[in-house]
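2 protein chains.
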Amino acid sequence: MTPSEDRAVRLPHLTGARAPLTRTVDVVDEFGRASQVSIPAERDLTVYVDKRELVTLMTLGGHPEWLVLGYLRNQRLVGGLDEIESITVDWDVGAASVKTRHGIDRIEERTARRVVTTGCGQGSVFGSLMDEIDKVCLPPEAGLRQSQLYGLVDAIRLKESTYKSAGSVHACALFRGAELLLFVEDVGRHNAVDTIAGWMWLQDAVAPGSMVGEDKVFYTTGRLTSEMVIKSAQMGVPVVVSRSGITEMGLEVARRVGLCAIGRATHKRFLCFANPQRLHWDAMPAVPAARSHTLDAL
Amino acid sequence: MTPSEDRAVRLPHLTGARAPLTRTVDVVDEFGRASQVSIPAERDLTVYVDKRELVTLMTLGGHPEWLVLGYLRNQRLVGGLDEIESITVDWDVGAASVKTRHGIDRIEERTARRVVTTGCGQGSVFGSLMDEIDKVCLPPEAGLRQSQLYGLVDAIRLKESTYKSAGSVHACALFRGAELLLFVEDVGRHNAVDTIAGWMWLQDAVAPGSMVGEDKVFYTTGRLTSEMVIKSAQMGVPVVVSRSGITEMGLEVARRVGLCAIGRATHKRFLCFANPQRLHWDAMPAVPAARSHTLDAL
Chain A
31 MTPSEDRAVR
41 LPHLTGARAP
51 LTRTVDVVDE
61 FGRASQVSIP
71 AERDLTVYVD
81 KRELVTLMTL
91 GGHPEWLVLG
101 YLRNQRLVGG
111 LDEIESITVD
121 WDVGAASVKT
131 RHGIDRIEER
141 TARRVVTTGC
151 GQGSVFGSLM
161 DEIDKVCLPP
171 EAGLRQSQLY
181 GLVDAIRLKE
191 STYKSAGSVH
201 ACALFRGAEL
211 LLFVEDVGRH
221 NAVDTIAGWM
231 WLQDAVAPGS
241 MVGEDKVFYT
251 TGRLTSEMVI
261 KSAQMGVPVV
271 VSRSGITEMG
281 LEVARRVGLC
291 AIGRATHKRF
301 LCFANPQRLH
311 WDAMPAVPAA
321 RSHTLDAL
Chain B
31 MTPSEDRAVR
41 LPHLTGARAP
51 LTRTVDVVDE
61 FGRASQVSIP
71 AERDLTVYVD
81 KRELVTLMTL
91 GGHPEWLVLG
101 YLRNQRLVGG
111 LDEIESITVD
121 WDVGAASVKT
131 RHGIDRIEER
141 TARRVVTTGC
151 GQGSVFGSLM
161 DEIDKVCLPP
171 EAGLRQSQLY
181 GLVDAIRLKE
191 STYKSAGSVH
201 ACALFRGAEL
211 LLFVEDVGRH
221 NAVDTIAGWM
231 WLQDAVAPGS
241 MVGEDKVFYT
251 TGRLTSEMVI
261 KSAQMGVPVV
271 VSRSGITEMG
281 LEVARRVGLC
291 AIGRATHKRF
301 LCFANPQRLH
311 WDAMPAVPAA
321 RSHTLDAL
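Just so you know, the sequences run in chain order A and B. Last residue of the first sequence? That's 328 in this note's numbering, and every number before it is there in order. Last residue of the second sequence? That's 328 in this note's numbering, and every number before it is there in order.
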């Protein structure tokens, strides 16, 4: 390799495989009436690395190449984008063929340990993710304004989505303040996160520094599980927002890494579960006379 | 072994490990007010089979012994209850120690293949589950009355639950008609199903034939994924009901095995996605003048 080649960004070649995201199916309702509704697509995508079968992902199929890229990264199988020559997705056979430049070292051994996590499986590296947690350093001053939080919740509410037309999918999104950068849905929530991770990796290669995490916010419709919080922290994103609640391990990890975890975010309401000092209260609603969070409302 | 021992039902010895299901945590709401809410517990339970580490499950911890039993069964690692001598759960160390009578044959090989499924992971046997699907035979006449469906939806609505007090858990339940037999919640939905499977296995050993599936209904708060449908079919349960929707693979499997799949079940409303002939319309509501299922309502 010459010095000039060494400095150049070598992006992997990616196909742009597309497939329908919803499907119309026949149903019968409570009145015995036949009608039709949309349901999300769900495809199996078997990932081969240098012709060796690695894993089968069940996915909506919106961005399979970014998904595979993010999967490889988040499973810590690939350290640099330039290690991957190409990712070729062929929906006819449900296969994603990854070609690396030099192979993946000790791939057998590194994919051996399994943990079934709450956050929808894929936990093979959970143990080592936890080991890495203490290396994460989120800038103490990074945070979010309450007005931006309301802006991003509103952006999600207005987004056209597979969920609105067919239900049964999770959504994740990446924001810069209240600005929506990427919105991804999938039948498996972990796939949505991995897809965002893959996209960020590519963006960062094209415009180095653009995907620094500290001004970003990670949104998910699902619960804030340990897996979601860990992945957010590893992307360097200091704030996570969810429409749902938080799990105990999700909370523990958020506290440990100093990540601001906001749940139950709908309209103007939310609960900050960890590190509220990252939230700047510039849009506090007037406290209503007799209204408070009750457990029923959760 | 003497002939009499051979005929006796040898139940595994199970501990009855207990741990709190919720935890109170500090939060800050949208008015900047500090308060407290409950969140579900989430514990890691590492399963050892004959002192060999098998998997780590993240669980609420309600019924860890049934969970481990159901996990071993649903992963097809154990064929008969009498193969297991004991399951000892110790929450202090987060361990479930399974002692078998004669070891598990080829355990390394049989836990090697991984599939990340939509239905919250744990898909190591997904491939072989699909292979087994065609062996499933659900009695053609088995079904559910609409009045029973409404009864079971109501029973779920009225059930005291961790969800009501703390949110963020999935529930599964087993019904005989409208009679609730077992209600299980967990942070991971697959855990709830496995727990029910483990319980059914024990019940069937104590009262052989009591857990035949054909008069049972399987309820889940989560989506009807392929994994949920497959597991229901394997328990011989011909009807699944969900508050949520269905995924494409879930629908395909339901059609393939002739399972009645009912989704969006709340109050008197529902959509039957597959095999509506199993549903007996004895409680059909009057059709309102101008009301129909719209996608928005899904």
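Some clues are possibly wrong.
Heads up, the list lumps identical chains together, so a pair's fine if it works in one copy or across two of them.
[Stated by the list, open to error] Quick list of in silico lysine-lysine cross-link-like pairs, DSBU-like style, CA-CA up to 35 Å:
{"#": "1", "residue 1": "K81", "residue 2": "K298"}
{"#": "2", "residue 1": "K298", "residue 2": "K189"}
{"#": "3", "residue 1": "K194", "residue 2": "K81"}
{"#": "4", "residue 1": "K194", "residue 2": "K298"}
{"#": "5", "residue 1": "K189", "residue 2": "K81"}
{"#": "6", "residue 1": "K298", "residue 2": "K129"}
{"#": "7", "residue 1": "K81", "residue 2": "K165"}
If you're looking for bench data, these hints aren't it; they were derived computationally from the structure. No experiment lies behind these values; they were computed from the predicted model shown.
Verification of the hints:
1. K81 / K298: Answer is neither; intra-copy 50 Å and inter-copy 51 Å both fail.
2. K298 / K189: For K298 and K189, the Cα distance is within 35 Å both inside one copy (17 Å) and across copies (30 Å).
3. K194 / K81: Close neither inside one copy (38 Å) nor across copies (48 Å); limit 35 Å.
4. K194 / K298: Both: 21 Å inside a chain and 22 Å across chains, each within 35 Å.
5. K189 / K81: This pair counts as neither: shortest intra-copy Cα distance 38 Å, inter-copy 51 Å.
6. K298 / K129: For K298 and K129, neither the intra-copy (47 Å) nor the inter-copy (53 Å) Cα distance is at most 35 Å.
7. K81 / K165: Both, since 34 Å and 32 Å are each at most 35 Å.
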